[in-house]
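Asker: Protein chains in written order, with the UniProt record's numbering: chain A, 1 to 240; chain B, 1 to 240.
Careful, some of the hints might be misleading.
No distinction is drawn between identical chains; accordingly, a pair holds when it is met within one copy or between any pair of copies.
Claimed, not checked - In the BS3-like style, the derived pairs of lysine-lysine whose C-alpha atoms are separated by at most 27 Å in a straight line are:
| # | residue 1 | residue 2 |
| --- | --- | --- |
| 1 | Lys40 | Lys30 |
| 2 | Lys40 | Lys57 |
| 3 | Lys57 | Lys209 |
| 4 | Lys209 | Lys40 |
| 5 | Lys209 | Lys165 |
| 6 | Lys165 | Lys40 |
| 7 | Lys209 | Lys143 |
Everything labelled a hint here was simulated from the structure, so no lab data went into it.
If you're wondering where the values come from, they're calculated on a predicted model, not measured in any experiment.
Number of protein chains: 2
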Amino acid sequence: MSNPTAAMLVIGDEILSGRTRDSNTNYLAKALTDVGIDLKEARVVSDDQSAIVAAVKALSDAYDHVFTSGGIGPTHDDITADAIGAAFGAHVGVRDDARALLQAHYDRAGTTLNEARLRMARIPDGAALIDNPVSTAPGFTIKNVNVMAGVPSVFEAMVASVISKLAHGAPLLSENWRIMRGEGDVAAPLAQIAADHPDLSLGSYPFQKDGAYGTNIVIRGTDQTRVAAAMAQLQALFPA
Amino acid sequence: MSNPTAAMLVIGDEILSGRTRDSNTNYLAKALTDVGIDLKEARVVSDDQSAIVAAVKALSDAYDHVFTSGGIGPTHDDITADAIGAAFGAHVGVRDDARALLQAHYDRAGTTLNEARLRMARIPDGAALIDNPVSTAPGFTIKNVNVMAGVPSVFEAMVASVISKLAHGAPLLSENWRIMRGEGDVAAPLAQIAADHPDLSLGSYPFQKDGAYGTNIVIRGTDQTRVAAAMAQLQALFPA
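Based on the sequences and whatever the hints tell you, model everything.
Answerer: Written out as structure tokens, the structure reads:
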């Protein structure tokens, strides 16, 4: 049986302008690999409703799970909840359960739950809230789409909470072998090993160090015995 | 007149498994911002021909320029040239001009241009080569798609060469203002400034430092006078 599939959607002008470097995709990729969910695609779109709607629909149709980051704060450019509502034809309004969370949080902090902050309680009808242990304002899950914050510490906490509830596949195992030869010298034997092990993924990552060429070979698969067999074949050809 | 638009396509299993953190999108984003080309979307797909073909077609149709990174090396999982050829119905084979570049390079290095290395001379018919000053194996441009290496140093050199030949728009100017208030306190006045300046993009990026909440406001636009006017309005509301 093959693993569940997933896609990541990063929402935010600041990524596409280069101001901010997205770290959430890499975090999610590692977290999903650990639990046997295959991240198949990632996209970045701007704070533009039609772009968000189109991407959410395409990814929700194509993959088992979708994870989004960004655009759920209190400011005018935080339009993710409305875009997700539009994508699924769900009404979006301030929800009592989300408002109660925020009210308690701001009461504790002695801060007013003003109109802007109340925007963070706007949740599409039918969505389930995602807990935010860092700063309270919740994410939400609607259909197969998990909508989370862009701030990395909050995103990471939300991912942990969401992933624990999903059906897991077989974790992807990965072994690395470092060869002090150029990729062009490794390519032919590597292709043969790959052909012998169609159930594994063999990646080749060249590097240069102190003027010498080298190649890291990564063998990935879900069956430890098969990964070890391919690694033994590789190591016999290119001993340490 | 609006700026030309662009999309990035990152190709590689290693990004989606979390092994490697993509840095090429951020580099491209900054380089395009500097010359007034608007990066509108980025995608990451795996080393899978149908995934690459679908993404290339979609992005090539939707944007003025497409930039890809990854999958043009000598190994079995380097399938980008073939996928691009398939996307555009172009034959892909070893091209004499690309072979001559590689032959000269490996002759100088005293290395054999073997069958695997010769794969890097496989270029779709009708494509123009992109110079690789780092490691010789060229990228290529076909229609509006610029196909480049995944290794960051090579990608960056290729981007510089490609961008210098493209029509430029008005560079995006960006000014930052740091406010030691939570986003929820800044949101309403910020929305008003944004409404007063529909030609500008106002972004709000919360942070926490030493237990205090703060917000960075970034005002972006192509007209210096307008950016300065909005910044003055913001600074009057939230003095240093």
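Asker: Look at each hint and say if it fits the structure.
Answerer: Here is how each hint holds up against the structure:
Proximity of Lys40 to Lys30 under the C-alpha cut-off of 27 Å is found in both arrangements, the shortest distances being 13 Å within a copy and 26 Å between copies. Proximity of Lys40 to Lys57 under the C-alpha cut-off of 27 Å is found in both arrangements, the shortest distances being 16 Å within a copy and 18 Å between copies. In this assembly of identical chains, the alpha carbons of Lys57 and Lys209 never lie at most 27 Å apart, being 44 Å within a copy and 37 Å across copies at closest. Taking CA atoms no more than 27 Å apart as the test, Lys209 paired with Lys40 passes in neither setting, with 31 Å inside one copy and 35 Å between copies.
With identical chains, the CA atoms of Lys209 and Lys165 are never at most 27 Å apart, being 43 Å at best within one copy and 32 Å at best between copies. Taking identical chains as interchangeable, the C-alpha atoms of Lys165 and Lys40 lie at most 27 Å apart only when both belong to the same chain, with a minimum of 20 Å there against 33 Å between chains. Taking the shortest alpha-carbon separations for Lys209 and Lys143, neither the intra-copy value of 48 Å nor the inter-copy value of 36 Å comes in at or below 27 Å.
Checked against the numbered hints listed earlier, the structure breaks hints 3, 4, 5, 7; every other hint is satisfied.
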